[in-house]
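Knowing the structure of chain A, use the given hints to seat chain B on it.
Chains A and B supply the protein sequences, listed in that same order. Here my numbering is used: the first sequence runs in plain steps of one and ends on residue 1488. Here my numbering is used: the second sequence runs in plain steps of one and ends on residue 1488.
Just so you know, the hints here were simulated from the structure itself, not pulled from any lab data. Predicted model only: the values in this text are computed from it and were never measured. A hint or two may mislead.
One copy or two, either will do: identical chains are not told apart, so a pair holds if it fits within one copy or between any two.
As the list claims (entries may be wrong) - Subject to a maximum C-alpha distance of 30 Å in a straight line, what follows is the list of computed DSS-like cross-link-like pairs (lysine-lysine):
#1 Lys1169 <-> Lys1311
#2 Lys1311 <-> Lys1178
#3 Lys1354 <-> Lys1311
#4 Lys1311 <-> Lys1442
Number of protein chains: 2
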Amino acid sequence: MLEDIIVLAHGAGGKENEALIKRLFSKLRLKKINGGIGLDAFDDGAIIPIQNNVVTSIDSYTVDPIFFPGGNIGKLAATGSINDVAVMGADPIAALDSIVVEEGFPITDLKKIINSMIEVFEQENIAVVGGDLKVMPKGKLDKILISTVVIGKLVNKTLYLDSKVKPGDKIIVSGTVGDHGAVITALQMGIEAEIGELISDCQPVTKVMRIVREFKGVHAAKDPTRGGLAMSLNEFASKSNVTIEIDEELIPVRSEVKALSEMLGIDPLILACEGRVVLSVDSEIADEVVKALRKNGYKDASIIGYARDDEDWNGLVLLKTVTGGLRILDKPTGEITPRIC
Amino acid sequence: MLEDIIVLAHGAGGKENEALIKRLFSKLRLKKINGGIGLDAFDDGAIIPIQNNVVTSIDSYTVDPIFFPGGNIGKLAATGSINDVAVMGADPIAALDSIVVEEGFPITDLKKIINSMIEVFEQENIAVVGGDLKVMPKGKLDKILISTVVIGKLVNKTLYLDSKVKPGDKIIVSGTVGDHGAVITALQMGIEAEIGELISDCQPVTKVMRIVREFKGVHAAKDPTRGGLAMSLNEFASKSNVTIEIDEELIPVRSEVKALSEMLGIDPLILACEGRVVLSVDSEIADEVVKALRKNGYKDASIIGYARDDEDWNGLVLLKTVTGGLRILDKPTGEITPRIC
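Isolated chain A, as found in the complex (with noise of 0.2 Å):
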């Protein structure tokens, strides 16, 4: 059935736009905050009563496939654009939206993924206040594409930042890596059956980070996504100036990813993760720190290196391999996994 499908006037701005926008939202509780101006107004900007910093993110989420086991390009949507915001140390509160979908995607679907979308925000609380929806021709757009941007408030004023890694801090990661990377990965390369019963980690960081925020001594705090935990840990090292060493064999690795990333040829240390946090935190609380997040669910978090300030390294991470050797984790290089997220 035609109306089944997405048709161009879907995307003109006019009667058919806006009558989909509130179909597909219908579902959609939170839509302003309070005193402000939100989605259900339909004008052409939202208002967020906000006496604070605004700590904000921006994200175009690309992913391929759209649906996927743990998630599909809707939940990825909304959480990669919170963890962004939940990692500097901030509450989200709102979000906006923008769609891109291709003429002839259907409806159902589309619903689906939308849906996902705001059962994520309603369940971190965060209001939706505004989006935009667009439809290309058939043909000019692989499928659907979303752009998400969380705005969040500070809390207690502390900001976690790549910058501010400090030498003898531990580096913890809050769960283990590479699962959504090697997910997807082995999607595309068609070896579904591989996979087994590995799901993405796509899920909002905001509950780690509130555990973690309760700490004193907490420094530095990223969502390794694109570039997985090698790209996080290299912006810490780099930005902060510091020499980052990490034991292999203290990485919580899931031996389904262990044995896609040998059947790929892919370091899991460079798969993305869409639901783990990497941290910096002062040695004095580290124990505590993963003691905390275990006790809360995250039973894989672990120490699994530390900083130091060291001339020669400054700057670079060090792995300490499995057999013992210590070779330098570098910043990701080449094609990696194309539409990762």
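Frame of chain A, contents of chain B only:
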């Protein structure tokens, strides 16, 4: 040369991604707001110090063709989101952008596009505090798609809302309508020879809004983009529950736009503008507002009609045609022009 086109590695979140972003944004001067954290930090999110209500809007720009008389997709992406925030009554102060580009896209074109975007933001003193850049494999996206978010702060706590039009108000447009829509539609139809000297009206409306904000008695403002003047006036009428009557003879439409519209069989009142404002103002100040606009270079600024409380027609827009008849100017429906913005 390989380095002159976009490759997948440019979007992979690794070394090449970082290097490309640095290269593309080399001309950007305003990378953060004083006391905040911006694009130069390459961190997960941006910090915008703001002690006020946040006004914000997101849009994804898909315009086809990406270069057109009067602008390109970069200029449009900056302008469009600036305008959404400005017409709410706010001062735009910060922006974030997310670029998704097709593998194989020429980097010189990408630089041109980004430089146009940067130029608009810098002319407006808006800092680009964050962004994202992804690459989609060849054939998965038609050239380039840009999403922008602009964040503004409210001035004087005066909000211009679609729902605030009052019976008795005069309706003003700040300039000719339909220029952008006519240019893009003509290009898509392959009749560029007919465009002649006509160019898109793509430009920030911040100056118009600064003039307008000097007046008390301005109730609603809107930039008539997709769906054109017809859609904007319908938003006013339905959200404010008033009858809006406009006079076709008073609406400034360039002769080239009229000619193109006739040729294309499209009503110029549904053609998108990208640099105009529609205002609803107290009748007592209407002449003065128009005078102030004309004095400042907006020589086509005109009163085109008024709002009234008329039980029979409230929620609707009536158009007095040149022949003297009165017809309902409905919300546009159907395809209009795909990828107009």
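Hints, one by one, checked against the model:
1. With identical chains, the CA atoms of Lys1169 and Lys1311 are at most 30 Å apart between copies only, with a shortest distance of 22 Å across copies and 44 Å within one.
2. In this assembly of identical chains, Lys1311 and Lys1178 lie within 30 Å of each other by CA distance solely across copies; the values are 20 Å between and 36 Å within a copy.
3. Taking the shortest Cα distances, Lys1354 and Lys1311 sit within 30 Å of each other inside one copy (22 Å), while across copies they are farther apart (41 Å).
4. In this assembly of identical chains, Lys1311 and Lys1442 lie within 30 Å of each other by CA distance solely inside one copy; the values are 27 Å within and 53 Å between copies.
Violated hints: none; the structure is consistent with every hint.
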